[in-house]
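Undergrad: Residues in the sequence shown are numbered consecutively from 1, following the UniProt record's numbering.
Treat the hints as calculated values from the structure; they're not laboratory data. Model, not experiment: these values are computed from the prediction. Fair warning: there could be bad hints in the mix.
[As the list claims (entries may be wrong)] Here are the simulated DSS-like cross-link-like pairs (lysine-lysine), alpha carbons at most 25 Å apart as the crow flies:
#1 LYS33 - LYS96
#2 LYS79 - LYS44
#3 LYS96 - LYS85
#4 LYS222 - LYS33
#5 LYS33 - LYS57
#6 LYS69 - LYS205
#7 LYS57 - LYS44
#8 LYS57 - LYS87
#9 LYS29 - LYS222
#10 LYS205 - LYS222
#11 LYS29 - LYS44
#12 LYS346 - LYS181
#13 LYS69 - LYS29
#14 LYS57 - LYS69
#15 LYS44 - LYS33
#16 LYS69 - LYS79
#17 LYS79 - LYS57
[To be verified] Taking CB as the label site, the calculated pair distances span:
#18 GLN127 - LYS222: 36 to 46 Å
#19 ASP92 - ARG148: 36 to 46 Å
#20 ARG238 - PRO197: 12 to 22 Å
#21 ASP92 - GLY21: 46 to 56 Å
#22 ALA190 - LEU344: 21 to 31 Å
#23 PRO301 - SER195: 26 to 36 Å
#24 PRO301 - THR358: 13 to 23 Å
#25 ARG42 - LEU206: 30 to 40 Å
#26 ALA348 - GLU137: 43 to 53 Å
Heads up, the beta-carbon is just placed ideally off N, CA and C, and yes, glycines get one too.
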Amino acid sequence: MPPTTASQFEDYYAILGLAPGATSEEVRKAYRKRSLDVHPDRYKGEDPDGATAEFLKLTRAKEVLEDDKARAAFENVIKARAMHKEKQGSQDEARKKMREDLEAREEEARKRPRGAAAPPSAESQRQAQQQAAAEAEARRELQRELERLRRTGRLDPTGRAPSSAAAASSSTTATPPLAAKATATLRWAADAPLSEPALRSLLSKLLGSAADGMLIALAAGKAVCELDVGACQALAARSFELAAHGIRLTTQLPPGALPPDAAACDGDGVSSRALSGGVGVGVGSLPPGWKEQPAPDGGQPYYFHVGTRQAQWTRPVAEEPLVEGEAPSVAALERHEALTMARLRKAAERQRQRAACTS
Numbered sequence: 001m002p003p004t005t006a007s008q009f010e011d012y013y014a015i016l017g018l019a020p021g022a023t024s025e026e027v028r029k030a031y032r033k034r035s036l037d038v039h040p041d042r043y044k045g046e047d048p049d050g051a052t053a054e055f056l057k058l059t060r061a062k063e064v065l066e067d068d069k070a071r072a073a074f075e076n077v078i079k080a081r082a083m084h085k086e087k088q089g090s091q092d093e094a095r096k097k098m099r100e101d102l103e104a105r106e107e108e109a110r111k112r113p114r115g116a117a118a119p120p121s122a123e124s125q126r127q128a129q130q131q132a133a134a135e136a137e138a139r140r141e142l143q144r145e146l147e148r149l150r151r152t153g154r155l156d157p158t159g160r161a162p163s164s165a166a167a168a169s170s171s172t173t174a175t176p177p178l179a180a181k182a183t184a185t186l187r188w189a190a191d192a193p194l195s196e197p198a199l200r201s202l203l204s205k206l207l208g209s210a211a212d213g214m215l216i217a218l219a220a221g222k223a224v225c226e227l228d229v230g231a232c233q234a235l236a237a238r239s240f241e242l243a244a245h246g247i248r249l250t251t252q253l254p255p256g257a258l259p260p261d262a263a264a265c266d267g268d269g270v271s272s273r274a275l276s277g278g279v280g281v282g283v284g285s286l287p288p289g290w291k292e293q294p295a296p297d298g299g300q301p302y303y304f305h306v307g308t309r310q311a312q313w314t315r316p317v318a319e320e321p322l323v324e325g326e327a328p329s330v331a332a333l334e335r336h337e338a339l340t341m342a343r344l345r346k347a348a349e350r351q352r353q354r355a356a357c358t359s
């Protein structure tokens, strides 16, 4: 994104059609309403490039106004511009009056002793320079905040890496951008609604800065998060803390990515943890195919199925196969869904590689 200059100043409130000082909820509503018409996946008009540019502008406005530090920097620019404009107006009036009283001012200047204060024209010029410097500093601070948001990926809703990162990766052998992302599915009781800000706050407590820029698709009783593989593994290691909040976690890693405990991941890159809020207690040996494994964080052990590579905290009491005519449990359905989606992605990746080899 090019630096913000005087000719390129963007009023993010005006872009979203909002009054200054609008709340975060008003920002989100305005963004949803305006972005629908120019979303790259929905736009059917004759100017897709213009629609994409407008969509990115709306996204930039939303992210700046939802981030406290970035919004403060932007409002400082607005204040500096307003003060500068007001000062210029007062200077114009002063110059007009000076022309009318030119003779009197010249006589006053001749009588003024040396070392006295500068005439009003020089003082006005000094104040104008100070105002311009203040506005320039406010713009630089806003630019720093925009760069911070851009580095986290929040200003690029298409998921493409920033140009600087792309230039750096071009000189080294790296995996495709999609291979570096994992998916975490969070589920909770439908009668206990969880807002996106509350969910982001919880994930920030668990992951710290790794939760910045995480893409979240929220639905009733469910959220799908796209995040880095390392952050996904760290979240899986602390899934028992999510369980304490009534949240069940299922993670899905890209092909070729191994979790810290390789046994908790199948050959297609699926890592799944079904949590029920505590350690189940069973009597006797484990069902066939199940093994008890130490947790990656040294906490409570988990149980791992050799055949399906399913990992869970609760002690298994019976297999849960998907048998025709039998109502499967939620855990079995989740395991089946995760395995199916991972194998479909792996098959698509193999097909893409074959097409690349033949072209």
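Undergrad: Measuring from beta carbon to beta carbon, are ARG238 and PRO197 in 12 to 22 Å?
TA: 20 Å, holds
Undergrad: Given the hint that LYS346 pairs with LYS181, does the C-alpha gap stay at or below 25 Å?
TA: 14 Å, holds
Undergrad: What's the verdict on LYS57 and LYS87, does the C-alpha distance respect the 25 Å limit or exceed it?
TA: 30 Å, violated
Undergrad: For the pair we were handed, LYS33 and LYS57, check the Cα-Cα distance against 25 Å.
TA: Within the cut-off at roughly 14 Å; holds.
Undergrad: Going straight from one Cα to the other, do LYS29 and LYS44 come out at no more than 25 Å?
TA: Judged against 25 Å, a Cα distance of about 23 Å means the pair holds.
Undergrad: Verify the proposed pairing of LYS57 with LYS69, using a straight-line Cα cut of 25 Å.
TA: 19 Å, holds
Undergrad: Is 43 to 53 Å right for how far apart the beta carbons of ALA348 and GLU137 are?
TA: 50 Å, holds
Undergrad: Compare the distance between the alpha carbons of LYS57 and LYS44 with 25 Å, and conclude whether the hinted pair is satisfied.
TA: 19 Å, holds
Undergrad: Confirm or reject the claim that ASP92 and GLY21 have a C-beta distance inside 46 to 56 Å.
TA: 29 Å, violated
Undergrad: Measure nothing beyond the straight line between the CA atoms of LYS205 and LYS222; if it is 25 Å or shorter, mark the hint as holding.
TA: 19 Å, holds
Undergrad: Taking only the CA atoms, is the gap from LYS69 to LYS29 under or equal to 25 Å?
TA: 21 Å, holds
Undergrad: Go ahead and decide if the range 36 to 46 Å is satisfied by the Cβ distance of ASP92 to ARG148.
TA: 38 Å, holds
The structure shown violates the earlier hints numbered 1, 2, 8, 18, 21, 24.
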